[in-house]
Amino acid sequence: MPEETTVSTTTAGAPGGRASSAPLLGRDAEPTLFELSHPGRRSWSFRTTGIPEVPVDDLVPAAHRRDAPVDVAEVSERDLVAHFTRLSHRQFAVDLGAYPLGSCTMKYNPKVCDTVAGLPGLAGVHPAAPASMTQGWLGLMVELEETLCEVTGMAAATLQPAAGAAGELTGLLLMRAWHAAQGRERHKVIIPDSAHGTNPASVTLGGYEVVTVPSDDRGCVDMAALRSVLDEDVAGIMLTNPNTLGLFEEDIADIAAAVHQVGGLLYYDGANLNAILGVVRPGDMGFDIVHMNLHKTFATPHGGGGPGAGPVAVSERLVPFLPGPRPVRVAGGGPDDGFAWETPAASIGRVHTWHGNTLVLARALAYILANGGDGLKRIAQVAVLNANWIRRRLHDAYDVPFDRPCMHEVVLSARKLKSEHGVRALDVAKRLLEEGFHAPTVYFPLIVDEALMVEPTETESPETLEALAVALERIAAEAAELGQEAMAAHPLVTPVRRVDEARAARHLVPTFDARG
Amino acid sequence: MLAFLGLTSVDELFDVVPEAVKLQRDLELADGVGEPDVLAHMEGYADRNRARSDRLVCFAGGGAYDHEIPSVTPALAGRAEFVTSYTPYQPEVAQGVLQAVFEFQTMVARIAGLPVSNASLYDGGSAAVEAVNLGTAATGRQTVWVSEGIHPHWRAMLGTFAVGTGHRIRTVPLTDGVTDWAAAPPGDEPPGVVLVGYPNYLGCLEDLGAVRALCDRTGALMVVGADPLAAGLLRSAGDWGADVMVGEGQAFGTPLGFGGPYLGLFACSSSHVRRLPGRLVGETVDVEGRVAYVTTLRAREQDIRREKATSNVCTNQTLMAVTAAVQLGWLGTSGLAEVATRCARATRYARDAVLGVDGVTPWADAPVVREFAVRLPRPADVVIERMADAGFLAGISLEGAVTDGDHGLLIAVTERRTAGQIDAYAAALAKAVA
Chain B
136 MPEETTVSTT
146 TAGAPGGRAS
156 SAPLLGRDAE
166 PTLFELSHPG
176 RRSWSFRTTG
186 IPEVPVDDLV
196 PAAHRRDAPV
206 DVAEVSERDL
216 VAHFTRLSHR
226 QFAVDLGAYP
236 LGSCTMKYNP
246 KVCDTVAGLP
256 GLAGVHPAAP
266 ASMTQGWLGL
276 MVELEETLCE
286 VTGMAAATLQ
296 PAAGAAGELT
306 GLLLMRAWHA
316 AQGRERHKVI
326 IPDSAHGTNP
336 ASVTLGGYEV
346 VTVPSDDRGC
356 VDMAALRSVL
366 DEDVAGIMLT
376 NPNTLGLFEE
386 DIADIAAAVH
396 QVGGLLYYDG
406 ANLNAILGVV
416 RPGDMGFDIV
426 HMNLHKTFAT
436 PHGGGGPGAG
446 PVAVSERLVP
456 FLPGPRPVRV
466 AGGGPDDGFA
476 WETPAASIGR
486 VHTWHGNTLV
496 LARALAYILA
506 NGGDGLKRIA
516 QVAVLNANWI
526 RRRLHDAYDV
536 PFDRPCMHEV
546 VLSARKLKSE
556 HGVRALDVAK
566 RLLEEGFHAP
576 TVYFPLIVDE
586 ALMVEPTETE
596 SPETLEALAV
606 ALERIAAEAA
616 ELGQEAMAAH
626 PLVTPVRRVD
636 EARAARHLVP
646 TFDARG
Chain X
137 MLAFLGLTSV
147 DELFDVVPEA
157 VKLQRDLELA
167 DGVGEPDVLA
177 HMEGYADRNR
187 ARSDRLVCFA
197 GGGAYDHEIP
207 SVTPALAGRA
217 EFVTSYTPYQ
227 PEVAQGVLQA
237 VFEFQTMVAR
247 IAGLPVSNAS
257 LYDGGSAAVE
267 AVNLGTAATG
277 RQTVWVSEGI
287 HPHWRAMLGT
297 FAVGTGHRIR
307 TVPLTDGVTD
317 WAAAPPGDEP
327 PGVVLVGYPN
337 YLGCLEDLGA
347 VRALCDRTGA
357 LMVVGADPLA
367 AGLLRSAGDW
377 GADVMVGEGQ
387 AFGTPLGFGG
397 PYLGLFACSS
407 SHVRRLPGRL
417 VGETVDVEGR
427 VAYVTTLRAR
437 EQDIRREKAT
447 SNVCTNQTLM
457 AVTAAVQLGW
467 LGTSGLAEVA
477 TRCARATRYA
487 RDAVLGVDGV
497 TPWADAPVVR
507 EFAVRLPRPA
517 DVVIERMADA
527 GFLAGISLEG
537 AVTDGDHGLL
547 IAVTERRTAG
557 QIDAYAAALA
567 KAVA
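These protein sequence lines are chains B and X, in that order. According to my numbering, the stretch in the first sequence is residues 136 to 651, in order. According to my numbering, the stretch in the second sequence is residues 137 to 570, in order.
Just so you know, the hints here were simulated from the structure itself, not pulled from any lab data. Among the clues, some could well be false.
Derived BS3-like pairs (lysine-lysine); straight-line CA-CA distance at most 30 Å [stated by the list, open to error]:
| hint | chain 1 | residue 1 | chain 2 | residue 2 |
| --- | --- | --- | --- | --- |
| 1 | X | 444 | B | 323 |
| 2 | B | 246 | B | 512 |
| 3 | X | 158 | B | 512 |
Modelling step: build the complete structure from the supplied sequences, incorporating the hints.
Take a look at the structure:
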């Protein structure tokens, strides 16, 4: 092996919080389940039912019957368990260590919420059962809705959207319905150039045209540019606040006034709501529509890419347009009179097949109950404290393009490393994986060169933050010392090394059967 | 830490927030409590759900089924590495999720009889919406013919999202339980998409050969909303000539959970892969030539393409996809056929028993495999309430779901139902409709 394949792991500083002890061996690829398959093996067993064994030919007309069984795989339970357990060992996770993936809010997910999601009285309920038989679920959802409204300063909410992007589209359809009810059609929605990609994609699906406004040299919405695009064809603006640079939009009151003045609505992308819990509320900033990412702010686990949950809360004037049916307290009823489904008068309709990602909603409520109003504010305070500590701690080793107090995350830049040593943000990220940390978000927001977006979250200890900072400092020093070629060789000790992404796209192999 | 930042109080961290918008009080929420109190509170809600499957024997379906979930499924899919990771943006440390999703894609593609599957969408309804978006983009036509036999909630979602996209959703009615394509709205432009259920919402098997012919005649994309578990017995959507298969994957190891999180399935022919919504995992190699997996064709997605993306989906239902891969691994080739067959047998047995009840008549005579609809002599809502007193969740009322549905009851019978339960159900139904 060439010399540069030696890994020097960080030993200086605090030992806390790193997953560098994890046995991510990665010597061989794990075979697919299909390669482990052997004819005749099986895992399944079913209950004894006493139902007569009618032949298949008598059950399904020949025209509809498949010729041969679907070839899935044939494995024993033992081999099935070994396979997926080995796969799990090839996967980094919050439960292994810090995951400072900016904008994604990878905080620790309390285990009590898993227990809640597994309660037979919640997990075993059919979604089409009548309200009379699902009062517990309706009550749970109403309590969550009321809680989310208090946290956001809004009047009512829908819990149906399954994720943030679904919430965005729901919000834009609410915006559209509200304008239509005012007897007008508008065509444009404004979004800052620092916005998440889901924002413009949702705007298009909502039937609107995207108008992008630039950020100013402080990293916030450029007020002059905003005013120049505001007119009576603007349906609204979508803002993330704090924005994706981790900065609070200090002009928010002026922005709200200017947008409202032309009859537009303000949409709050709740991706960063965790930064302001109990400190400032979207409703009080002037927002009309708010989506929340329960998997970020309220710690429901992200499951390797989902599920999430993206409830949308609205101000009073938009309540009649909310998706339906929605769970409500029985009109005029007391605390024991129960709950019912109700579809708002001018509802935009259904946005989920059932009632939303309900077991995720239950987890979020459990998290909120455990933390309480006092705890939610503490979450924001510690998240902001940790991010500022990282910013301050690393502003010598890395560029901090907007080096002023940030909120829950900080965007660093590797542009100096790149210009002086050819080492990119990607190289820093890949090298960090070897230190037992997940990488920060790289190359986002798009307006920062060589962006490294670090969101430490409130659940990491000072010792872990110190270990993370030491690792990042060490990597910057290494970059200067060893240069691009050496850095680009990393990672070396992960289950696989750098992956040929171009080949994946050029020779598409989306299934085992497409293997050449 | 505050001193390091030159601060004396935590509140100073929020000096950037203008005083005028700051919350000048505490949140009006109770203070935090410990785990036992949280569990007690949530158990209180759980206890108020009478329709939990350990209290009422479940005969409800409609896209959400009470199937066996073996011990291995939560044990494996519930592993913390799968549960507490994010979207696999760093493939070097995300091979576990990526490979599990690759295997899931393979299984879904094989079930669909189509070459490509994505990494999941939110639920069956959202998959149908995405299929319509793909089909209208591919054909350049905004008109969509949707069978009345498509799940009523899917149809409702199609209506909701069509307001933004401008698609014209036309419902083609059912006759005798199957779609009457001759009754499609006259004078319309030809459809860009035709969407049909297999089996449909009433459990009936549609003539997909006729749908293929219709699509050949009109140039529409053929989208089949298939039940992926019944597919263990039935000809695949791809075999029928479908361009896209969508479906609800809850049946593969995900609990009923009051409707979520579920699993949207989406498979299509190779020609549409560049319009595929959502994430796609592909196989490749690392720098040492070892097999590796990575999300691919990323240029379709919102974080790269922004307003020109094929979909806005970002977070999907990966954990449910991993769950399905485990559950399908447990079922395997023989088990998927076996569970579908057991459902079909139980459905046959139950249908015979239920139609033996005085005053209960079949909704339609079309063949069924896992679910069936009947007409009751009383409103279904009343019967469902009475059946609960006898210990059953009797099914789903068809009121509002299909034309003249208020006396209709949709009954699903999975492999978990025993002859004894079904006999008792029929006996209770006889009393409930009397």
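Verification of the hints:
At roughly 15 Å between alpha-carbon atoms, residue 444/X and residue 323/B fall within 30 Å of each other, so this suggested pair holds. As the CA atoms of residue 246/B and residue 512/B are separated by approximately 21 Å, the hinted pair is consistent with the 30 Å bound. Under the criterion of a C-alpha separation no larger than 30 Å, the hint pairing residue 158/X with residue 512/B is consistent with the structure, at around 12 Å.
The structure agrees with every numbered hint stated previously.
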